[in-house]
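Undergrad: Modelling step: build the complete structure from the supplied sequences, incorporating the hints.
Residue numbers (this note's numbering): -5 to 221.
For the record, the hints were derived by calculation from the structure and aren't laboratory data.
In silico lysine to any residue, SDA-like type, Cα no more than 25 Å apart, as pairs: (1) Lys197 x Asp108; (2) Lys197 x Asp131; (3) Lys132 x Leu178; (4) Lys197 x Asp142.
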Amino acid sequence: KAPSSIDFISTSFSAETPSSIVPDAPDDDDALIDYPDAPSIDPTFCNRVPESKICNKVPINTTNVDPEILRTCNGGPHVIEDCIEILSKLFEGPFDVVKALEIEVNTTGNIVKDIFDVIVKLRNDPSTDKRSKDAFDKCRDQYDMMLDLINQTLEILIPQQNFVDAYEKMAALLSYKDICGISLALASPMVVMPWVNIMPWDKVEVLRDTTYICDNILNNIINNHKF
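TA: Below you can see the structure in the form of structure tokens.
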């Protein structure tokens, strides 16, 4: 069942989206702390980090997977497996590509809002080192712009079925996430970070995954469907 619409709390910051339209699956070369490409880049990764969920995943049997899902999921092997696993659980009946997109955009929005709330809480916490507040200000602004982009996507997605512009907006999300990650990384050597265990890093990883799935679905719709 699809979640209800999200009532995001957002400021007036505007987001700039890429000027070119390139409806292809995004490259998996974003955030410095992201793990997905590690096994393909470094063959020794699983020897060094055997506890990683990448190294312990059981390969998915795609025999009974809806062909529409197989057309949708692109990227590295682990990205494809995550995509297939998530999309296969959305419907009991036939796969509805547009409804799946709506669900995943709403899911992504909920995750962004959760991370945004934690960032604001940490930014305003009196115990947070003042030298790290600039980084949290940057993160707050970046995630606020992400909320704006998701709201804009929802506004044009179902009523207008404007999938190309929706792709541009969703594809821009991870660049904002990366700016936040870089800002926090640059602040790290200078300050004591009791907040490092409070930041929802697991949700940051899931955000990357759900954004890729949204981009994959949009890429499939743009290239393979006519509405």
